[in-house]
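K.L.:
Put the two chains together into one complex; each comes in its own frame, and the hints tell you how they fit.
Sequence order for the protein chains is A and B.
If you count by my numbering, then the first sequence holds residues 836 to 1091, one letter each, in order.
If you count by my numbering, then the second sequence holds residues 1049 to 1289, one letter each, in order.
Bear in mind the hints are in silico, worked out from the structure with no lab data behind them.
All values derive from a computational prediction rather than experimental measurement.
Using N, Cα and C, we set each Cβ at its ideal position, and we do this for glycine too.
Careful, some of the hints might be misleading.
[As the list claims (entries may be wrong)] Derived CB-CB ranges, DEER-like:
1. B/ARG1103 - A/ASP1024: 56 to 66 angstroms
2. A/GLU1002 - B/GLY1152: 22 to 32 angstroms
3. A/ALA1004 - B/ARG1101: 43 to 53 angstroms
4. A/ASP1028 - B/GLU1191: 37 to 47 angstroms
5. A/GLY974 - B/GLU1108: 36 to 46 angstroms
6. B/TYR1074 - A/GLY956: 29 to 39 angstroms
7. B/ASP1235 - A/GLU1062: 21 to 31 angstroms
8. B/GLY1193 - A/GLU1062: 26 to 36 angstroms
9. B/SER1192 - A/ASP1024: 31 to 41 angstroms
10. A/GLY998 - B/ASP1235: 49 to 59 angstroms
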Amino acid sequence: MRDPDFGPPSGGHGRERPTEGRSGIDRRTEFRPQVSAGEAADAPTFETGTTVVALTAGDGAVMAADRKASLGGRFTSNKNAEKILGVHPTAAMAISGSVGPAQSVAETLRAEASLYEARRGESMSMTALSQTAGQLLRGMPVVPLLGGVDDEGGHVYELDGGGSVMEDAYAAGGSGMQLAYGVLERRYDGVADLADATEAAVDAVAAASERDTASGNGVTVATISDEGVAMEAADVADASALEPVEESAGANGEVA
Amino acid sequence: MQRDQQAYDRGVTVFSPDGRLYQVEYAREAVKRGSPTVGVRTAESVVLATLGRTRSPLMEADSIEKLHDLDGRLGVASAGHVADARRLVDYGRQYAQRERLRYGEAPDAEVVATAIADFIQETTQTGGTRPFGTALLVGGVTESGPQLYQIDPSGTPDGWRAAAIGDGSEAIRSYLEDEHESGLDSDAGVSLALRALASDLDQEVDAEELDLAVLDGDGFDAFDRERTADAMADAGVGPAS
Chain A
836 MRDPDFGPPS GGHGRERPTE GRSGIDRRTE FRPQVSAGEA ADAPTFETGT
886 TVVALTAGDG AVMAADRKAS LGGRFTSNKN AEKILGVHPT AAMAISGSVG
936 PAQSVAETLR AEASLYEARR GESMSMTALS QTAGQLLRGM PVVPLLGGVD
986 DEGGHVYELD GGGSVMEDAY AAGGSGMQLA YGVLERRYDG VADLADATEA
1036 AVDAVAAASE RDTASGNGVT VATISDEGVA MEAADVADAS ALEPVEESAG
1086 ANGEVA
Chain B
1049 MQRDQQAYDR GVTVFSPDGR LYQVEYAREA VKRGSPTVGV RTAESVVLAT
1099 LGRTRSPLME ADSIEKLHDL DGRLGVASAG HVADARRLVD YGRQYAQRER
1149 LRYGEAPDAE VVATAIADFI QETTQTGGTR PFGTALLVGG VTESGPQLYQ
1199 IDPSGTPDGW RAAAIGDGSE AIRSYLEDEH ESGLDSDAGV SLALRALASD
1249 LDQEVDAEEL DLAVLDGDGF DAFDRERTAD AMADAGVGPA S
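For reference, chain B alone in the conformation it holds in the complex (with noise of 0.2 angstroms):
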């Protein structure tokens, strides 16, 4: 009994005595081991730019899937358990299109992201459940403007000017709160938002590895190796420098 009663961290449900949630604490330490992935907000775009590290020489680069197209306005990046992102990007796409049918009009980011948020929030309060391992950052141009929000495996959206998860997480977010000003241009974001991801990387980041988008009021536009290479050398970071 008494060995029970000590293991907060079996049941996500169950508080520990001084009112912490371990298993949401130890979905957050798994965000930790993903990927460093990078959201900057400009004046006129949202850039999200995210390493996808092959393991093996022998792995296709592109098929390792860490940015998002939601519906083809807003996109979402992720550092974590990929296969729980995939699920939240899943539930993120239909939610989008039943907006759609229910009031005919778009959702913007704020929308979808809390309504992703409300749904990893119930995973933290329901029997026989596990946290998602995995944090999301949702961004996109809509009437409402640019926006950026991040969501952690407890189930909070908080809106940011730039933000960053994943591993080095806690570095690159004091590189951006440094080097971030307003009014930036979707360049300059792009060029921000790659030196912030190099800033605490030890080895070069090669273009295969790196997946960069930026949405606009035009919608998401996926980056491939070649412009990922020139905004690279524009930006100063990788081989091409």
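With the rest of the complex left out, here is chain A (with noise of 0.2 angstroms):
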């Protein structure tokens, strides 16, 4: 076990050296996941077996996530996992992989994300964000999709543990990746609205739900725009059945 008080580099109190990060190699960024991957193997985790998707849609962007989260792909743990997390005033990470080590780096990712704001005065680009993932990311057992908007539009990017950053206009992840993208070959045209973004998004989910077994339990979609992540949610696979829900922790990490 660890201690939480060491969970983050420098999680003590006075003794810490904030510079550090800047200049020395091994950290690049100022927080650290808190789970190892070394530890994620060892342990019992669950996984989100899992199908997201995320599209661009003119100078927005769209991701979506089944709901199911099961242990081995075989015995669904959980028919209601939030798959997509705010990490940014203007961005969302879905998550594919193992739940406790998607969370962490999601987590210090929005922590990363608020402390550039306070520094700077002004949020993160979708670059700075994308490469701070991928550094975040490197040796965990988490394969995220990024998706979010800044100055120029809606970006959207592919993630793995070994720190990749790939950006596209569209991808799908998890085991439930070929399904989606079966669907998303033949809908998404490149200049896609967010309406017809979000019913291609809903779709690739449904179809995957419909043979993954590791996919399923209703949908959850994120419509980003320069404004901000709205979620929604709904039971089934389907668009129109869509209703917004808060998120538990904001994208600043507050929680209401």
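P.N.:
Quick look at the structure:
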């Protein structure tokens, strides 16, 4: 067990040196996720199984995910899993892989984005955010998608535990990705408006939920514009059934 | 030997025979040389106002950092050594994010002020250090309501309804003691902060030299030059009056 006090790199009081990260090569970010890959591999973990998709749509982006968490893809451990997490005022991460490390990465990224904003007086660009996410993910059993909006419009990134950061117009991830891509390849038209993109994203999750044993239990959708991240969810993977939901922790880690 | 024994102000960790830490007192003197800074707590907000005089007309007034956003909802104003203050502000920023990571909850002003104060206190007991030559006002509105804390170079955090640090702080504090009343709204708080700040100045204040921010339930709201000028006119302070 790790003492929570020693989770973040300089977690103690007083004697830490915040400037260390800027000069040292080991620490490229101020905070480090609290779970190491080694620990995650040894311990029994919840996996998301998962189908996640992300699409750019003009000046915005849409992300969708199913809501099933499973143990080894064989037993549904949670039917109401939050797989899309706000990490920035105008960006969210859709997680696939081990739940614990994924949540830890998302929370750490949220802290990094908020610290950046306090220090520089403006929010992180998607380039900076995706780069930071890539560094936090290295060594983690997590394969997320990152979607967000900055001055240049909507962006989607595929990330993995090796630290890779690849931008694309649309992407799918998780055990249902082949099924989801089947829908997206046909439906993504490159100039999709937000409503069309939302429908395509939900249909991609719906297709995967039909045939992938580790995906299902409805859908969560995040619609991202320069105004912020709006979350919706439904018990069935159907765009017309979506209802707005409050995320349990907002983009700044604030609990309402 | 005799000389060494009497040099109580050489090492920060050495008490004088009458129980004083001279280095900490000298650090307080450094704060008094800083430009005046005022904090006012109102019923719904905390107002921070500070003067950042430019040393030359060539200097960019906007580059003088005296009010700092800590995490979107808490703010810090400083008086004294700006470089020391910046170090403490960054400590506070990191601390606020670490609290969120650890508990999933944002800390209030008291928690962050206490953490910064603990960090400052260490420098008064550790060999080879010098105290921070700066005093801070930490404020913000959280679930705990509006809070305003003052931290001095000894590392003591105190809660205040209205506080002043820096040059002329004693005169400004007595002005605030006379004028502050509970239940002020934000606009009245801004006016009071500006009038208090101007009460001890013999020169006129220019909006360019004044940094003003209101922290309320919506977070840190820094005034731009135009809004500052309007607020000064409303308060009857400065060239517009």
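K.L.:
Run every hint past the structure and note whether it holds.
P.N.:
Cross-check of the supplied hints:
One distance hint, 56 to 66 angstroms for the beta-carbon pair B/ARG1103 and A/ASP1024, holds here, with the actual separation near 59 angstroms. For A/GLU1002 and B/GLY1152, the Cβ-Cβ distance of about 30 angstroms falls inside the hinted range of 22 to 32 angstroms, so the restraint holds. One distance hint, 43 to 53 angstroms for the beta-carbon pair A/ALA1004 and B/ARG1101, holds here, with the actual separation near 52 angstroms. The given range of 37 to 47 angstroms is respected by A/ASP1028 and B/GLU1191, whose C-beta atoms sit roughly 39 angstroms from each other.
At about 43 angstroms, the CB distance of A/GLY974 to B/GLU1108 agrees with the hint of 36 to 46 angstroms. Taking 29 to 39 angstroms as the suggested C-beta distance range, the pair B/TYR1074 and A/GLY956 conforms, at roughly 33 angstroms. Against the hinted window of 21 to 31 angstroms, the Cβ-Cβ separation of B/ASP1235 and A/GLU1062 comes to about 28 angstroms, which satisfies the hint. Separation of B/GLY1193 from A/GLU1062 is about 29 angstroms and conforms to the stated range, judged on CB atoms against 26 to 36 angstroms.
Taking the beta carbon of each, B/SER1192 and A/ASP1024 are about 51 angstroms apart, not inside 31 to 41 angstroms as hinted. Evaluation of the 49 to 59 angstroms hint for A/GLY998 and B/ASP1235 yields a pass: the beta carbon distance comes to about 50 angstroms.
The structure is inconsistent with hint 9 alone, although it conforms to all the rest.
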